[in-house]
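Undergrad: Below, each chain spelled out in residue letters.
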Amino acid sequence: MAGIYWFADGAGKVEATSITLIRWIRSQTPDLVVYGGDVYNNGTPAEFDAFFNQMDRNVSDLCEVAGNHDWNTHSGADLPDRVPTQYEAFWRRFPPPLSQQPINVAARGGARYDHVKDIGGWRLIFVDTGPCRKKEWPMADETRRTWLRRVLTETPGRAKIVFAHHSRLSKGKHGDVDKVDSLWRDLFDPVTSAPLVALTVSGHDHNVSWYRPRPKNNPGKGAVPIAQGIFVHVNGAGGSGHDEPFFGSSPDWKDADNHCVTRITLISPTAADVSVLGFGEDVPAPGATPALLNRFELRL
Amino acid sequence: MPRLHISQDETGYWQLSLEDDDGKLSLLSHQFPSPEHLIEDARELVAEGKVPGGVIVIGPAAPSDARARAIRKPYTKPAPQKALK
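From first to last, the protein sequence lines stand for chains A and B. Residues in the first sequence are numbered consecutively from 1, following my numbering. Residues in the second sequence are numbered consecutively from 1, following my numbering.
No lab work stands behind these hints, which were simulated from the structure alone. Any given hint could be a false lead.
As the list claims (entries may be wrong) - Derived coverage of chain B by chain A (criterion: at least 3 residues anywhere in the stretch with Cβ under 8 Å from a Cβ of chain A; other residues may be distant):
hint, segment
1, 1 to 12
2, 26 to 32
3, 54 to 62
Unchecked claim - DEER-style ranges, computed between Cβ atoms:
hint, chain 1, residue 1, chain 2, residue 2, range
4, B, Ala79, A, Ala46, 40 to 48 Å
5, B, Arg43, A, Arg150, 35 to 43 Å
6, A, Leu292, B, Leu84, 26 to 34 Å
7, B, Asp22, A, Pro97, 37 to 45 Å
8, B, Lys24, A, Ala291, 47 to 55 Å
9, A, Val224, B, Thr76, 44 to 52 Å
Cβ coordinates follow ideal geometry from the N, Cα and C atoms, glycine included.
Given the sequences, and given the hints that come with them, work out the whole structure.
TA: See the structure below:
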């Protein structure tokens, strides 16, 4: 049994919620904490300093999939060689085991931050989609597709979860992110279209959505049997305001009224539970504890 | 022509509201501590064609002392509003 915690879109310049969330998460003795991206407002050195303070000056249990705001401060190179300079500078200060965020300096651009962790019989795959608000994944770097294909197929089964800032499906101010459709399609077998992973977890829209299994083609059209589709979870409700469910594909369940943490409990190599824990609509008071808003079962 | 209104509302936070061609207002985002993030999002909505031809209207910030007094507790979701009264 392992507990993975996710929150996103809630740290940086002036955000006040994330410190309450991370302190509660640590009270639950997490095996891993994933910050789902966006250190506001532009991923500057001062904003990463604020982020470090909000994390109680401890990132030893933390990794971050960068968001578009982290990429606002970037190098002058064109994609795919562009890098989010302060995101990289921050995490290079804390190489594992000082954090859980590796950086592969031999890779290009966002590929430097892609990585895998094997925990509790599950493979967790972390993919940088920071520039995907404007550019299509894999940002003209086909080696990323090759890497993804390898990490998806070198271990058997589909007890795998992909973490990225941008979601193929979302309902909010941003809605579906078509520029990660290529990433989404790569999560299915190219010949049989069978899903290679169980779940994707993302942020970007500042609310929470849950989609029952969705197929490779036209995933916004509706759910399919689990053998044909991948569950999609969005939780960008980590503390920087709330987005109303306006644009995008309608989820099977949503919450736009709470600041939220997601807990993924890896029960066995064929079973996991995904719990959405809400801290309310207001900035939570120090020491606040969440209410369970919903729990979803993954049974492979 | 649709408008994207960015304004500080009665809660003391910033919100983003969409005014469609018929004048109907819809709340898109709320409880943001500053307008910068919403300005970037509004520009993206126009550039991506989600709000084609949209005009972005940004309202004034309340004076800091008034803003400090205006934070409403407990927080409740505000109504959508135009940036300029």
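Undergrad: For each hint, tell me whether it holds in the structure or not.
TA: Here's how the hints hold up against the structure:
no., hint, result
1, 1 to 12, "violated (count 0)"
2, 26 to 32, "holds (count 7)"
3, 54 to 62, "violated (count 0)"
4, B:Ala79 <-> A:Ala46: 40 to 48 Å, "violated, 34 Å"
5, B:Arg43 <-> A:Arg150: 35 to 43 Å, "holds, 38 Å"
6, A:Leu292 <-> B:Leu84: 26 to 34 Å, "violated, 42 Å"
7, B:Asp22 <-> A:Pro97: 37 to 45 Å, "violated, 58 Å"
8, B:Lys24 <-> A:Ala291: 47 to 55 Å, "violated, 33 Å"
9, A:Val224 <-> B:Thr76: 44 to 52 Å, "violated, 38 Å"
Comparing the model with each numbered hint stated earlier shows that hints 1, 3, 4, 6, 7, 8, 9 do not hold.
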